[in-house]
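Sequences listed follow chains A and H, in order.
In this text, residue positions in the first sequence follow the working numbering: the first is 9, and each later residue adds one.
In this text, residue positions in the second sequence follow the working numbering: the first is 7, and each later residue adds one.
Everything labelled a hint here was simulated from the structure, so no lab data went into it.
Output of the computed footprint for chain H on chain A, the stretches with three or more beta carbons under 8 Å from beta carbons of chain H:
#1 11 to 17
#2 79 to 87
If you anchor each label on the Cβ, the simulated ranges turn out as follows:
#3 31/H x 245/A: 58 to 68 Å
#4 243/A x 58/H: 31 to 41 Å
#5 23/A x 125/H: 22 to 32 Å
#6 234/H x 253/A: 54 to 64 Å
#7 17/H x 39/A: 46 to 56 Å
#8 80/H x 35/A: 50 to 60 Å
#9 12/H x 90/A: 25 to 35 Å
#10 161/A x 70/H: 34 to 44 Å
#11 113/H x 243/A: 52 to 62 Å
#12 122/A x 125/H: 45 to 55 Å
Below, a list of computed lysine-lysine pairs in the DSSO-like style, where the Cα atoms sit at most 27 Å apart:
#13 11/A x 74/H
#14 124/H x 11/A
#15 11/A x 72/H
#16 266/A x 104/H
#17 11/A x 78/A
#18 219/H x 231/H
#19 78/A x 95/H
#20 231/H x 210/H
#21 130/H x 11/A
#22 221/H x 184/H
#23 14/A x 130/H
#24 173/H x 124/H
#25 260/A x 104/H
#26 130/H x 97/H
#27 265/A x 11/A
#28 139/H x 180/H
#29 97/H x 14/A
#30 72/H x 265/A
#31 78/A x 162/A
#32 184/H x 174/H
#33 260/A x 74/H
#34 180/H x 219/H
#35 262/A x 74/H
For every residue, glycine included, the Cβ atom is placed at its ideal position computed from N, Cα and C.
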Amino acid sequence: MFKILKYSFYDLIRSRWSYVYLLFYLLLGFALLFLNENISKAVITMMNVITILVPLIGTIFGVMYFYNSKEFTELLLALPIPRSSIFLGQYFGVAISLSLSLIIGLGVPFLCYGLFQSDSMVDFLLLLSTGTMLTFIFTAIAFLIGLSNENKIKGFGYAILFWLFMAVIYDGIFLISLIIFEEYPLDNLSLFATLFNPIDLSRVLILLKLDIAALLGYTGAVFQKFFGNISGLFVSFFTLLLWIIVPLFLMKRKAGKKDF
Amino acid sequence: MINITNLHKNFGVNQVLNGIDLSIKKGETVAILGPNGSGKTTLIKSILGMVRPNSGEIYIAEKNVKNKWDYRRHIDYLPQIANFPGNLKVKELIGMIKDIRGNDNTREDRFIEIFGLKPFLQKKLSHLSGGTKQKVNLVLTFMFDSDMIILDEPTSGLDPVSLISLKKLIASEKEKGKTILITSHIMSFVEEVCDKLVFILDGKIYFNDTIQKLKETANEENFEKAIAHLLTRAYV
Numbered sequence: 009m010f011k012i013l014k015y016s017f018y019d020l021i022r023s024r025w026s027y028v029y030l031l032f033y034l035l036l037g038f039a040l041l042f043l044n045e046n047i048s049k050a051v052i053t054m055m056n057v058i059t060i061l062v063p064l065i066g067t068i069f070g071v072m073y074f075y076n077s078k079e080f081t082e083l084l085l086a087l088p089i090p091r092s093s094i095f096l097g098q099y100f101g102v103a104i105s106l107s108l109s110l111i112i113g114l115g116v117p118f119l120c121y122g123l124f125q126s127d128s129m130v131d132f133l134l135l136l137s138t139g140t141m142l143t144f145i146f147t148a149i150a151f152l153i154g155l156s157n158e159n160k161i162k163g164f165g166y167a168i169l170f171w172l173f174m175a176v177i178y179d180g181i182f183l184i185s186l187i188i189f190e191e192y193p194l195d196n197l198s199l200f201a202t203l204f205n206p207i208d209l210s211r212v213l214i215l216l217k218l219d220i221a222a223l224l225g226y227t228g229a230v231f232q233k234f235f236g237n238i239s240g241l242f243v244s245f246f247t248l249l250l251w252i253i254v255p256l257f258l259m260k261r262k263a264g265k266k267d268f
Numbered sequence: 007m008i009n010i011t012n013l014h015k016n017f018g019v020n021q022v023l024n025g026i027d028l029s030i031k032k033g034e035t036v037a038i039l040g041p042n043g044s045g046k047t048t049l050i051k052s053i054l055g056m057v058r059p060n061s062g063e064i065y066i067a068e069k070n071v072k073n074k075w076d077y078r079r080h081i082d083y084l085p086q087i088a089n090f091p092g093n094l095k096v097k098e099l100i101g102m103i104k105d106i107r108g109n110d111n112t113r114e115d116r117f118i119e120i121f122g123l124k125p126f127l128q129k130k131l132s133h134l135s136g137g138t139k140q141k142v143n144l145v146l147t148f149m150f151d152s153d154m155i156i157l158d159e160p161t162s163g164l165d166p167v168s169l170i171s172l173k174k175l176i177a178s179e180k181e182k183g184k185t186i187l188i189t190s191h192i193m194s195f196v197e198e199v200c201d202k203l204v205f206i207l208d209g210k211i212y213f214n215d216t217i218q219k220l221k222e223t224a225n226e227e228n229f230e231k232a233i234a235h236l237l238t239r240a241y242v
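Chain H with its partners taken away, still in its complex shape (with noise of 0.2 Å):
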C-alpha cells in the first residue's frame, strides 16, 4: 500500500528525515512512534505531500505520488492540531469539507452520534473547547471511509469516553481492511489498536515489527518498558 525508499529531509541545517525506507501493506495498523522531533510527523506530511522531500520516493498503491495531489483521495487525515474558521457552525464546517472533497458518499451521522456532537450542531467553532474540537477533527477524519486512515496524536483532549468509542471505532476500520497508520505517545493505546510498530530515532528507522516481537527482543513483557529499552539501546 505505501512504499517508501531512502527518504530524505532537512529544515536547514536540522536533518529531520535520514533516509527512511518503509513498506506498509495493506490492511495493516502501524504505529509511528519516537521521541519528540524524531521526524514523526515530517514523514507523515511528506506521505501527504504537505512536506516536499529533498530526496527519495513515496509510493501509495504503486503510483509515486511527487507533485501529485489526487491519490488524497484515498486518504483520510487527522492533523495533529485541530483549528477551524471561527464563524463557521459545525455543521456548515462539515458540508463545507464533504464539498470541498466532492464526496457526498459519507456517513458523519453515525459519528456525530458517537462522540455525543448533536448539541454543538449549531455552534460557532470558536465558542467549542479544545476537546470538543478534537470529536468534530474526528468526525472529519472517518466520515469518509477511505482505504487509508492516518491519525497524528489522535487521543489529544479526548475525555476517557471517547477515548473508548475512538479506540472501538479504530477497531471496526481495522476489520474492514483499512491501512491505518497511528502517531501516539499514548503507549497504553498504541499497544492496545496496533499490531505492528515504526520506531523512528533521528530521522532513521530502529525498529521495524511487531510488537510481540519488540517484547521478545527486550525480553520485556511490559509494552512501556521494551520501548523504554529500545531507547536506552539506541542512544548507547
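Next up, chain A with everything else stripped away, as it sits in the complex (with noise of 0.2 Å):
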C-alpha cells in the first residue's frame, strides 16, 4: 500500500491543481488576514470557508483522480499485490496531498500574521485538523462513488449531489423539520441529526470552540452543554472518524468483488 501512495502522492504533488488549489489558500489566507487585522475573527470566516470548500474540493478531486487513472489502476491490478492495497494507496495519496495543499496554503499567512503570539493557536488548530478530517471523510465518499459507478458522468453527478446535500440541503431539511415540529423537544433530536453531518459537525465543532455559541440560540446552549466537555468533543471526533472508517471499509469491500 505504502509503495502505491507514495507513487500517488507524488504524481499529485506535481500536478497543476495542486499548486492552484494551494495557490487559492495561500490568497484567501493574506486576504482574510488583511481584511480582518485580527486572527479570531479571520479564523471564523476561514471556517465558512472551509467547511464548504473542503468537501467539494476533496469530492471532485477524489472522483476525478480515480476515474483519470481508470487505466493504470488496471495495470496496476495485474501486478502482485493485493487489491485493497491499491485504492488505499490511491486513496491516502490524493488525501494526504489536498491536506497538505490547506495546511501550508492556510498555515503559511498565519504564521506570517504571528500565530504563535495570539490566543487563537487552539482555534487554528482545530480548523486545520477539522478540515484535513472533511478532506478525508469526503476524498473516502467520492472514491466509493467511483467504485461503484462504471459510468463516469454518473459517478460525478452523485458525488456532487452527495455534497450538495451535505453541504445544503441537510440544513434545509434540518431547519424545516425544526419548524414543523417546534411544539416538541428537539434537543436530542438535533443533536443526533448534527452528528449525522460531518460538515454541519465540523461548523458546530469550531463555533464552540471559539465560544460564539450564544448565535446558535437555545439549541446552542444544549450543543454546548454536550460538545463543550471533553466527552463531546470526543464523541465528535470519533464520529467523524467513523465517517472516514466506514466508507474506507465500505471501498475496500467494494473492491474485493469489483470486475475489472
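Build the complex: two chains, separate frames, hints provided.
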C-alpha cells in the first residue's frame, strides 16, 4: 500500500491542480488576515469557507483522480499486489496531498501574521484538523462512488449531489423539520442530526470552540453542554473518524468484489 | 500450465463467458481470437484475477487462483489500453513498477534500446504519443522475464519497425520455453508468431487446435480465409 501511496502522492504533488489549490488558500489566508486584522475573526470567516469548500474539492478531486487513473489501475491490478492496497494507496495519496495544500496554504499566512503570539492558536489548529478530516471523509466517499459507478458522468453526478446534500440540502431539511415540530422538544434530535452530517459537525465543533455558541440560540446551549466538555469533543472526533473509516471499509469490500 | 474448467461469467444480463474449458501447456504460444465482444479480454482478465468469474475454476501451475494475488508474480501482462500517471517521467514509471513488484532483477535496458525509447526516458508520460506509450507498455511487460506472458492487442499503435522488433522479441521468448497468450485482430501477426489457436464466439470455444489443423479443416491455404470459413460455419 505504501508504495502505491508514495507514487500517487508523487504524481499529484507535481500536478498543476495541487498548486492552484495551494495558491488559492495562500491568497485566501493573506486576504482574510489583511482585511480582518484579527486572527480570531479571520478564523471564523475561514471556517465558513473551509466547511463548504474543502468537501467540494475533496469530492471533485477524488472522483476525477479515480476515473482518470482507471487504465493505470487496471495495469496495477495485474501486478502481484492485493487489490485493497491499490485503492487504499491511491486514496491516501489523494487525501494527503489535498490536506497538505490546505495546511500549508493556510498555515503560511497565519504564521506570517504572528499566530504563535496570538491566543487563537488552538482555534486555528482545530480549524486545520477538521479541514483535514473533511478532506479525508469526502475523498473516501468520492472513491466509493467511483468504485460503485462504471459510468463517469453518473459517478460525477452522484458525488456532486452528495456534497450538495451535505452542504446545503441537509440543513434545509433540518430547519424545516425544526419549524414543523417546534411544539416538541428537539434538542436531542438536533444533536443527533448534527452528528450525521460531517459538515455540520465540523462547523458546530469550531463555533463552540470559538465560544460564540450564543449565536446558536437555545439549541446552542444544549450543544454547548454536549460538545463543550471533553467527552462531547471526544464523541464528535470519534464520529468524524467513523465518517472516514466506514466509507473506507465499504470501499475495500467493493474493490474486492468488483470486475475490472 | 493453465487449466480452466467450465468458466462462466455474466455482466448483468450479458452472458460473456459460457462454459469455457481450456488447457494450455507450458511452452505453447496460443492466440485467442474471436469477434469484438466475444469474451477474449474477459477470459484473460479472469486468468489475471481482475474479473471474478461466476463459476468455474482456473488453475495456474496446479494452483487454484481464486482470491489469490501472489501467483501474478509469474505473469507478465500487457493491457490493451496504455495510460499512465501523466506527471511521472518514463524512467520513474519503470522504477515504480519494479519497486511495486519488488523485483530488481530486470532487463529493461535491452528493451529501451530495442524500441528506441532512450530519448523519452526523461519525458513526462502525458507528453508521449499513443505509439510511444505502447512501447513503454511493452517494456514494462517484458522486462521481468516471467514464465508466462499475456499480451492483449500488443500491436496497437506500433510502427512497422517496432512491429518487427516485437515479433523477434516474441520469437526469442518462445525459444526460452515461455508460455505466451496473445489476442490480436491482425491475422498475419497471429499466423507468424503463434502455434495454436483458440477461437471464441459468444463465450464458448469453437476451435482449439494448431493453425495447420485449421487450414486443413477449412481446406484453405490462406489463414485469413480459413478464419473466415470458421466464422461463417459458426454463424450458420
